[in-house]
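When you get a sec, could you build the whole thing from the sequences and use the hints?
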Amino acid sequence: MAAQGDQDPRIARISSAIRVIPDFPKKGIMFQDITTLLLDTKAFRDTIDLFVERYRDKDISVVAGVEARGFIFGPPIALALGAKFVPLRKPKKLPGEVISEEYSLEYGTDKIEMHVGAVQPGERALVIDDLIATGGTLCAAIKLLERVGVHVVECACVIELPELKVCIPIISNTNMLSEL
Amino acid sequence: MFAGENGPQEDPRLKAISDAIRVVPHFPKPGIMFQDITTLLLDHKAFKDTVDIFVDRYRDMGVSVVAGVEARGFMFGPSIALAIGAKFVPLRKPRKLPGEKIFEAYELEYGTDCLEMHIGAVKPGERAIVIDDLVATGGTLSAAIRLLERVGAEVVECACVIGLPEVKGHHRLNGKPLYILVEPRQ
Numbered sequence: 001m002a003a004q005g006d007q008d009p010r011i012a013r014i015s016s017a018i019r020v021i022p023d024f025p026k027k028g029i030m031f032q033d034i035t036t037l038l039l040d041t042k043a044f045r046d047t048i049d050l051f052v053e054r055y056r057d058k059d060i061s062v063v064a065g066v067e068a069r070g071f072i073f074g075p076p077i078a079l080a081l082g083a084k085f086v087p088l089r090k091p092k093k094l095p096g097e098v099i100s101e102e103y104s105l106e107y108g109t110d111k112i113e114m115h116v117g118a119v120q121p122g123e124r125a126l127v128i129d130d131l132i133a134t135g136g137t138l139c140a141a142i143k144l145l146e147r148v149g150v151h152v153v154e155c156a157c158v159i160e161l162p163e164l165k166v167c168i169p170i171i172s173n174t175n176m177l178s179e180l
Numbered sequence: 001m002f003a004g005e006n007g008p009q010e011d012p013r014l015k016a017i018s019d020a021i022r023v024v025p026h027f028p029k030p031g032i033m034f035q036d037i038t039t040l041l042l043d044h045k046a047f048k049d050t051v052d053i054f055v056d057r058y059r060d061m062g063v064s065v066v067a068g069v070e071a072r073g074f075m076f077g078p079s080i081a082l083a084i085g086a087k088f089v090p091l092r093k094p095r096k097l098p099g100e101k102i103f104e105a106y107e108l109e110y111g112t113d114c115l116e117m118h119i120g121a122v123k124p125g126e127r128a129i130v131i132d133d134l135v136a137t138g139g140t141l142s143a144a145i146r147l148l149e150r151v152g153a154e155v156v157e158c159a160c161v162i163g164l165p166e167v168k169g170h171h172r173l174n175g176k177p178l179y180i181l182v183e184p185r186q
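Protein sequences appear in the order of chains Y and A. In this text, residue positions in the first sequence follow UniProt numbering: the first is 1, and each later residue adds one. In this text, residue positions in the second sequence follow UniProt numbering: the first is 1, and each later residue adds one.
Bear in mind the hints are in silico, worked out from the structure with no lab data behind them. Ideal Cβ positions, reconstructed from N, Cα and C, are used throughout, including at glycine. Among the clues, some could well be false.
Claimed, not checked - A short, non-exhaustive set of chain Y residues, derived as facing chain A with CB atoms under 7 Å:
hint : residue
1    : GLN32
2    : THR35
3    : LEU39
4    : ARG45
5    : PRO75
6    : GLY82
7    : LYS84
8    : PRO95
9    : GLU97
As structure tokens, then:
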């Protein structure tokens with residue numbers, strides 16, 4: 001579900017603060033660049049506030065952010081909610097013991113990793129990324145957290161692409177929230 | 001300067017911040033005692049205190065840009081930027097930023113790496129701080145300072161959670177002040 005129904009007045013400014021770069025990283029892709037949102041202090045503040053308002057009474061103890069743009073939005077949300085921030089990283093970045101989950105790319109596969117012991121069974125978590133396209137990365141993130149007994153309450157993204165080919169069996173068990 | 005250099009006036013929050021950082025031996029290679037800040041991010045109070053210490057320092061310095069070095073600088077920088085009403089500017093590894101950018105190369109132990117910044121993100125005359133989780137040789141931070149100065153920004157200070165002993169007593173990097181919360185633990 002998108003938050004657009006009775007659209008919060010802050011969303012228009014957030015949306016217009018995001019820059020579209022054609023043909024990046026390759027021809028045909030209209031890249032949604034959130035770095036311009038980060039330059040608009042009010043719009044960035046509003047983005048965080050919208051998520052915090054939604055989750056503040058939902059007993060969230062874990063905010064998991066997907067590398068790297070999830071690291072920009074996740075920590076401010078975690079701090080406001082009184083939750084831990086857990087980075088979900090590309091392979092070989094996290095030191096110490098990790099668990100990993102593989103996911104499909106258009107060509108080939110990739111992996112995300114999480115520290116063993118970062119989260120406890122029974123904790124309630126959000127997963128944050130800047131954008132959801134196919135949902136492949138988010139599905140992998142949900143699986144990682146669920147494997148260690150965490151309840152993923154929702155996945156939250158700033159941007160949702162209209163042509164969404166979601167991994168239905170997993171996503172249908174959790175709610176998607178995106179702001180555009 | 002190290003935040004803890006004030007002796008008896010040392011900020012009481014610093015001990016918990018230091019204790020929350022985990023040391024992982026021999027990562028990424030033998031002999032390196034890796035300072036892992038992910039455990040700090042799991043300690044809500046210590047993480048909040050870390051951000052608050054930086055915010056208290058920079059809120060009245062007229063800083064309009066917080067530049068964070070990928071990727072761990074992204075974990076600290078945005079919260080500081082939001083609290084002081086500044087822009088957050090990510091300084092990224094090559095080929096991650098879309099659109100027009102400038103780059104600055106810097107030395108690694110073996111070889112070189114590169115940091116990139118968007119053109120137009122920062123205006124001439126803006127006052128900026130650079131954030132990263134840790135400073136070792138200062139190579140990355142030096143590249144960050146050069147990037148910002150090339151577009152006419154004034155780098156007020158570089159701020160890191162952890163500073164390796166090599167930088168203690170230097171107080172400045174490329175002539176810019178360095179502000180560090182804690183030393184590495186063994």
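Hint check results:
no.	hint	verdict
1	GLN32	violated (9 Å)
2	THR35	holds (6 Å)
3	LEU39	holds (5 Å)
4	ARG45	holds (6 Å)
5	PRO75	holds (5 Å)
6	GLY82	holds (6 Å)
7	LYS84	holds (5 Å)
8	PRO95	holds (4 Å)
9	GLU97	violated (10 Å)
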